[in-house]
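S.K.: Residues per chain are reported as follows:
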Amino acid sequence: DQQVKQNSPSLSVQEGRISILNCDYTNSMFDYFLWYKKYPAEGPTFLISISSIKDKNEDGRFTVFLNKSAKHLSLHIVPSQPGDSAVYFCAASRGTYKYIFGTGTRLKVLA
Amino acid sequence: NAGVMQNPRHLVRRRGQEARLRCSPMKGHSHVYWYRQLPEEGLKFMVYLQKENIIDESGMPKERFSAEFPKEGPSILRIQQVVRGDSAAYFCASSPLTGEQYFGPGTRLTVT
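Residue numbers (my numbering), protein chains in the order written: chain A, 1 to 111; chain B, 1001 to 1112.
In isolation and in its complexed conformation, chain A is listed as follows (with noise of 0.2 Å):
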């Protein structure tokens, strides 16, 4: 049963535009959502959280919304950058530990 899904396995954008990576939860007791990034042969990074109280968090180039009742939450890249290709992880968790992650979305971004 998968609680987290990234139906979209990859994606390619042109540099300079929005990169948008799309995630689905069917649990809704999950609290805590996270992006991480990670390149070939290293582990996963941090990228950026929200918790359940919030619809949206920015960083930097990146934002990440949260649509509780869709139970549904997107990261938004802008501008993209070819060092941005990548593959990107959602994970939800209940709690703050039990990271639950989706399979994951290949960016590619175009110079």
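Since the hints were derived computationally from the structure, they do not count as laboratory data.
Just so it is clear, CB atoms sit at the ideal spot from N, CA and C, and this is done for glycine as well.
There's no promise every hint is true.
[Claimed, not checked] Calculated Cβ distances over 10 Å to all of chain B for the following chain A residues:
#, residue
1, E42
2, T45
3, I53
4, G60
5, K71
6, H76
7, D84
8, L110
[Unchecked claim] Residues on chain A that point at chain B, a partial pick, calculated with CB under 7 Å:
#, residue
9, P40
10, P44
11, F46
12, F101
13, T103
Based on the hints, put chain B in the right spot on chain A.
M.R.: Below, chain B alone, put in the same frame as chain A:
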């Protein structure tokens, strides 16, 4: 400030052998987590430990897998009598009392 360290980075074992994976958390972090990533899948939670205590091992297979985080030294994930299905990337993460988990580079285990 060094990040989370894992060794070895790559480990090859024959079926039936034991695998030991080590994880040194970031300085100041007392919480350690182990995750497993199978090919084309997301990371799956295995176990959460604090010093000398297993807090949550609900993601660990019931047999052959064990984890520890002793008072001194790194956390160890131990897999006995490995099988081909154990081939995966194993990631360790650490965190302070509250806050996000920071991941190590992973150990890629290959069982031949």
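S.K.: Does each hint hold? Answer for all of them.
M.R.: Taking the hints in turn, this is what the structure says about them:
no. : hint : verdict
1   : E42  : 5 Å, violated
2   : T45  : 7 Å, violated
3   : I53  : 16 Å, holds
4   : G60  : 16 Å, holds
5   : K71  : 17 Å, holds
6   : H76  : 19 Å, holds
7   : D84  : 18 Å, holds
8   : L110 : 23 Å, holds
9   : P40  : 11 Å, violated
10  : P44  : 5 Å, holds
11  : F46  : 5 Å, holds
12  : F101 : 4 Å, holds
13  : T103 : 5 Å, holds
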